[in-house]
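Add chain D to chain S, keeping to what the hints say.
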Amino acid sequence: DAGVIQSPRHEVTEMGQEVTLRCKPISGHNSLFWYRQTMMRGLELLIYFNNNVPIDDSGMPEDRFSAKMPNASFSTLKIQPSEPRDSAVYFCASSLGGDHQETQYFGPGTRLLVL
Amino acid sequence: GQQVMQIPQYQHVQEGEDFTTYCNSSTTLSNIQWYKQRPGGHPVFLIQLVKSGEVKKQKRLTFQFGEAKKNSSLHITATQTTDVGTYFCAGPTGGGNKLTFGTGTQLKVEL
Chain S
1 DAGVIQSPRH
11 EVTEMGQEVT
21 LRCKPISGHN
31 SLFWYRQTMM
41 RGLELLIYFN
51 NNVPIDDSGM
61 PEDRFSAKMP
71 NASFSTLKIQ
81 PSEPRDSAVY
91 FCASSLGGDH
101 QETQYFGPGT
111 RLLVL
Chain D
1 GQQVMQIPQY
11 QHVQEGEDFT
21 TYCNSSTTLS
31 NIQWYKQRPG
41 GHPVFLIQLV
51 KSGEVKKQKR
61 LTFQFGEAKK
71 NSSLHITATQ
81 TTDVGTYFCA
91 GPTGGGNKLT
101 FGTGTQLKVE
111 L
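Residue numbers (my numbering), protein chains in the order written: chain S, 1 to 115; chain D, 1 to 111.
No lab work stands behind these hints: they were computed from the structure.
Please note: incorrect hints may appear among the correct ones.
[To be verified] Taking CB as the label site, the calculated pair distances span:
| # | chain 1 | residue 1 | chain 2 | residue 2 | range |
| --- | --- | --- | --- | --- | --- |
| 1 | D | S26 | S | M39 | 17 to 27 Å |
| 2 | D | K108 | S | H10 | 23 to 33 Å |
| 3 | S | M39 | D | N24 | 17 to 27 Å |
| 4 | D | R38 | S | R41 | 17 to 27 Å |
| 5 | S | R41 | D | P39 | 17 to 27 Å |
| 6 | S | G28 | D | V44 | 15 to 25 Å |
| 7 | D | F45 | S | N52 | 42 to 52 Å |
| 8 | D | K51 | S | H10 | 37 to 47 Å |
| 9 | S | L113 | D | Q2 | 26 to 36 Å |
No residue lacks a Cβ here, since even glycine has one placed at the ideal position from N, Cα and C.
If we strip away everything but chain S, and leave its shape as in the complex, we get (with noise of 0.2 Å):
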């Protein structure tokens, strides 16, 4: 199995910029989860998906930023406009699901530089 897939692995952008970060989670993993990890904040989950549908966002930090999971094979996040502040590296994570089964299996990441 390939993993977790993230795309683009290194993204460098300007302020204002719209910003799109991809994820393929593991072939029959049913919840998918978005984090952003920072010096100052450590690691922050940002929402997350079980069967395709968003069951918490709470963590996402505000508008600027929106999520999708148009199917059980893709999923992504958005920025838009982005700022200085969002510069992070942002986790997919996946997991099968269910009683003991919150094992999550991370993909490389993005690292965002927002300029």
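Chain D in isolation, oriented as in the chain S frame:
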């Protein structure tokens, strides 16, 4: 809300010394998981503990789940440079499949 704290935040050791990180949850957990993130890498699952008082070993790593299922520890015997990284504990919270990750302990091993 649920909080999972880890101490210490940072630890520098000489190669060959032992290392321990402690994880404390504000609520009882059904299970506890440990992850390791190498510098520049992503968190990687190490192990899951489910039973009260459970102890599991992986080579030089020993994981323990507290009797009250609110705390856990990871002990590394005779650290090596390959142990460098940040160690996170995580527990399921709030229903569903969400995990709350601890604050992490960053380990540096010096020769």
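To see whether the hints hold, each was checked on the structure:
Between D:S26 and S:M39 the CB atoms are about 24 Å apart, so this pair conforms to the stated range of 17 to 27 Å. In this structure the hint that D:K108 and S:H10 lie 23 to 33 Å apart at CB holds, the actual value being about 25 Å. Range check, S:M39 to D:N24: Cβ separation about 22 Å, and the 17 to 27 Å hint holds. Checking the proposed 17 to 27 Å range against D:R38 and S:R41 shows it holds: the Cβ atoms sit about 20 Å from each other.
Checked against the hint of 17 to 27 Å, the C-beta distance between S:R41 and D:P39 comes to roughly 18 Å, which is consistent with it. Remark: the range hint 15 to 25 Å for S:G28 to D:V44 is upheld by a beta-carbon distance near 19 Å. The given range of 42 to 52 Å is broken by D:F45 and S:N52, whose C-beta atoms sit roughly 23 Å from each other. A hinted range of 37 to 47 Å for the beta carbons of D:K51 and S:H10 is consistent with their spacing of about 42 Å.
A beta carbon spacing of about 31 Å between S:L113 and D:Q2 agrees with the range 26 to 36 Å that was offered as a hint.
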